[in-house]
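Trainee: Using the sequences and the hints, build the whole thing.
Note that the protein sequences, when read in sequence, are chains R and X.
Counting in our numbering, the first sequence runs without a single skipped number right up to 113 at its last residue.
Counting in our numbering, the second sequence runs without a single skipped number right up to 115 at its last residue.
Do not take every clue at face value.
To be verified - When the alpha-carbon atoms are kept at most 25 Å apart in a straight line, the in silico SDA-like pairs for lysine to any residue are as follows:
| hint | chain 1 | residue 1 | chain 2 | residue 2 |
| --- | --- | --- | --- | --- |
| 1 | R | K5 | X | S86 |
| 2 | R | K112 | R | I20 |
| 3 | X | K13 | R | A41 |
| 4 | R | K38 | X | Q44 |
| 5 | R | K105 | X | G40 |
| 6 | R | K105 | X | Q17 |
| 7 | X | K57 | R | Q6 |
| 8 | X | K57 | R | T45 |
| 9 | R | K5 | X | T105 |
| 10 | R | K38 | X | L88 |
| 11 | R | K38 | X | S27 |
| 12 | R | K38 | X | P8 |
| 13 | R | K5 | X | Q44 |
| 14 | R | K54 | X | G96 |
| 15 | R | K38 | X | R111 |
| 16 | R | K108 | X | Q44 |
| 17 | R | K38 | X | G84 |
| 18 | R | K71 | X | G58 |
| 19 | X | K57 | R | L94 |
| 20 | R | K71 | X | L88 |
| 21 | X | K57 | R | E42 |
| 22 | R | K105 | X | V114 |
| 23 | R | K38 | X | T105 |
| 24 | R | K105 | X | N59 |
| 25 | R | K108 | X | G40 |
| 26 | R | K71 | X | Q44 |
| 27 | R | K108 | X | S27 |
| 28 | R | K56 | X | V114 |
| 29 | R | K5 | X | Y10 |
| 30 | R | K38 | X | S79 |
| 31 | R | K38 | X | T14 |
| 32 | R | K105 | X | L88 |
| 33 | R | K105 | X | P39 |
| 34 | R | K5 | X | N59 |
| 35 | X | K13 | R | E42 |
| 36 | R | K105 | X | K57 |
| 37 | R | K38 | X | R9 |
| 38 | R | K38 | X | T113 |
| 39 | R | K108 | X | G96 |
| 40 | R | K108 | X | R9 |
Treat the hints as calculated values from the structure; they're not laboratory data.
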Amino acid sequence: DQQVKQNSPSLSVQEGRISILNCDYTNSMFDYFLWYKKYPAEGPTFLISISSIKDKNEDGRFTVFLNKSAKHLSLHIVPSQPGDSAVYFCAASLGGSQGNLIFGKGTKLSVKP
Amino acid sequence: KAGVTQTPRYLIKTRGQQVTLSCSPISGHRSVSWYQQTPGQGLQFLFEYFSETQRNKGNFPGRFSGRQFSNSRSEMNVSTLELGDSALYLCASSLGSTGGSYGYTFGSGTRLTVV
Chain R
1 DQQVKQNSPS LSVQEGRISI LNCDYTNSMF DYFLWYKKYP AEGPTFLISI SSIKDKNEDG
61 RFTVFLNKSA KHLSLHIVPS QPGDSAVYFC AASLGGSQGN LIFGKGTKLS VKP
Chain X
1 KAGVTQTPRY LIKTRGQQVT LSCSPISGHR SVSWYQQTPG QGLQFLFEYF SETQRNKGNF
61 PGRFSGRQFS NSRSEMNVST LELGDSALYL CASSLGSTGG SYGYTFGSGT RLTVV
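Mentor: Structure, rendered in structure tokens:
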């Protein structure tokens with residue numbers, strides 16, 4: 001039973017445009033949601049997170065939106081750059097003693113020059 | 001400051017053998033988690049240690065075990081290796097006891113191949 005789902009395995013965007021990566025979850029007890037970027041042969045790199053009590057968090061070109069009623073979050077990258085090409089993972093945390101992250105299966109973003 | 005260091009980077013083992021992977025977290029980080037990444041299953045949580053105690057465990061067989069030392073360094077061990085254990089094993093460290101609020105910093109992983 002997948003608690004965190006990324007339904008699009010891949011996304012292709014033109015340089016300078018907006019990239020929107022989506023994530024759905026099923027467990028309403030998640031307290032934090034995080035986005036990670038991963039290049040081949042490297043570990044995931046933390047990008048941005050959002051608390052379940054907020055609906056938006058922004059950090060430079062990256063903005064994460066959370067819609068709790070729809071159990072949906074999205075990562076917006078504006079403007080997209082070729083260096084953003086990577087696999088993006090959505091993850092969720094239950095908090096408390098559950099100090100682990102539950103990951104989606106990732107979306108491969110390709111930004112074309 | 002130094003990141004999360006995992007050794008070795010690559011490992012080839014034979015079915016039935018055992019293997020030990022090592023992880024040195026970022027200085028000051030007390031929480032260390034281990035994840036397995038495979039093409040089919042994605043990133044799956046193995047276990048988490050905080051101040052030398054296993055706080056949480058994922059849904060993996062008992063062949064997978066780990067420990068954390070007083071300096072926060074961690075090791076994971078897989079016994080009686082199976083072909084399906086071939087994967088990228090990632091270690092992540094965090095300042096606090098809940099990774100969600102602080103975010104985890106991942107190492108580059110150990111690529112284990114079982115033949």
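Trainee: Does each hint hold? Answer for all of them.
Mentor: Verification of the supplied hints:
For the hint pairing K5 of chain R with S86 of chain X, the CA-to-CA distance comes to about 24 Å; that is within 25 Å, so the pair holds. About 15 Å separates the Cα atoms of K112 of chain R and I20 of chain R, which keeps this hinted pair within 25 Å; it holds. Proposed proximity of K13 of chain X and A41 of chain R is supported: the alpha carbons are some 19 Å apart, at most 25 Å. Proposed proximity of K38 of chain R and Q44 of chain X is supported: the alpha carbons are some 15 Å apart, at most 25 Å.
Using a Cα cut-off of 25 Å, the hinted pair K105 of chain R and G40 of chain X holds, with the two alpha carbons roughly 9 Å apart. Of the supplied pair hints, the one linking K105 of chain R and Q17 of chain X is violated, its CA atoms being roughly 29 Å apart against a limit of 25 Å. Between K57 of chain X and Q6 of chain R the CA atoms are separated by roughly 24 Å; this keeps the pair inside 25 Å, and the hint holds. Annotation: proposed proximity of K57 of chain X to T45 of chain R holds, straight-line Cα distance about 23 Å (limit 25 Å).
This hinted pair checks out: K5 of chain R and T105 of chain X have alpha carbons roughly 22 Å apart, not beyond 25 Å. Restraint check for K38 of chain R and L88 of chain X: satisfied, since their Cα atoms lie roughly 13 Å apart, inside the 25 Å limit. Taking the CA atoms of K38 of chain R and S27 of chain X, the gap is about 23 Å. The hint holds against a cut of 25 Å. For the suggested pair K38 of chain R and P8 of chain X, the alpha carbons sit about 20 Å apart, so the restraint of at most 25 Å is met.
For the hint pairing K5 of chain R with Q44 of chain X, the CA-to-CA distance comes to about 13 Å; that is within 25 Å, so the pair holds. The suggested pairing of K54 of chain R with G96 of chain X holds, with an alpha-carbon distance near 21 Å, which does not exceed 25 Å. Of the pairs offered as hints, the one joining K38 of chain R and R111 of chain X holds, with about 15 Å between alpha carbons and a cut-off of 25 Å not exceeded. A C-alpha spacing of about 18 Å is found between K108 of chain R and Q44 of chain X, which places the hinted pair at or below 25 Å, so the restraint holds.
Pair hint K38 of chain R plus G84 of chain X holds up; C-alpha atoms about 23 Å apart against a cutoff of 25 Å. About 23 Å separates the Cα atoms of K71 of chain R and G58 of chain X, which keeps this hinted pair within 25 Å; it holds. Simply put, K57 of chain X and L94 of chain R have alpha-carbon atoms about 13 Å apart, close enough for the 25 Å limit, and the pair holds. For the hint linking K71 of chain R to L88 of chain X, the alpha-carbon distance of about 30 Å lies beyond 25 Å, and the restraint is violated.
Note on K57 of chain X and E42 of chain R: the hinted pairing holds, with a Cα-Cα distance of about 24 Å set against a maximum of 25 Å. A threshold of 25 Å between alpha carbons decides the hint, and for K105 of chain R with V114 of chain X the separation of about 23 Å falls inside it, so the pair holds. Taking the CA atoms of K38 of chain R and T105 of chain X, the gap is about 12 Å. The hint holds against a cut of 25 Å. For the given pair, K105 of chain R sits about 17 Å from N59 of chain X by alpha-carbon distance, which is consistent with the 25 Å threshold.
Straight-line distance between C-alpha atoms of K108 of chain R and G40 of chain X comes to about 15 Å, which keeps the hinted pair within the 25 Å bound. Note on K71 of chain R and Q44 of chain X: the hinted pairing holds, with a Cα-Cα distance of about 21 Å set against a maximum of 25 Å. About 32 Å separates the Cα atoms of K108 of chain R and S27 of chain X, which puts this hinted pair outside 25 Å; it is violated. Using a Cα cut-off of 25 Å, the hinted pair K56 of chain R and V114 of chain X is violated, with the two alpha carbons roughly 44 Å apart.
For the hint pairing K5 of chain R with Y10 of chain X, the CA-to-CA distance comes to about 30 Å; that exceeds 25 Å, so the pair is violated. Using a Cα cut-off of 25 Å, the hinted pair K38 of chain R and S79 of chain X is violated, with the two alpha carbons roughly 29 Å apart. For a cut-off of 25 Å, the pair hint linking K38 of chain R to T14 of chain X is broken: about 29 Å separates their Cα positions. For the hint pairing K105 of chain R with L88 of chain X, the CA-to-CA distance comes to about 14 Å; that is within 25 Å, so the pair holds.
Proposed proximity of K105 of chain R and P39 of chain X is supported: the alpha carbons are some 9 Å apart, at most 25 Å. Among the hinted pairs, K5 of chain R with N59 of chain X is consistent with the structure: their alpha-carbon atoms are about 18 Å apart, no more than 25 Å. As the CA atoms of K13 of chain X and E42 of chain R are separated by approximately 21 Å, the hinted pair is consistent with the 25 Å bound. Restraint check: the Cα-Cα separation between K105 of chain R and K57 of chain X comes to about 20 Å, which is no more than 25 Å; the hinted pair holds.
At roughly 17 Å between alpha-carbon atoms, K38 of chain R and R9 of chain X fall within 25 Å of each other, so this suggested pair holds. Restraint check for K38 of chain R and T113 of chain X: the C-alpha separation of about 20 Å stays at or below 25 Å, so the hint holds. At roughly 30 Å between alpha-carbon atoms, K108 of chain R and G96 of chain X are farther apart than 25 Å, so this suggested pair is violated. For the suggested pair K108 of chain R and R9 of chain X, the alpha carbons sit about 24 Å apart, so the restraint of at most 25 Å is met.
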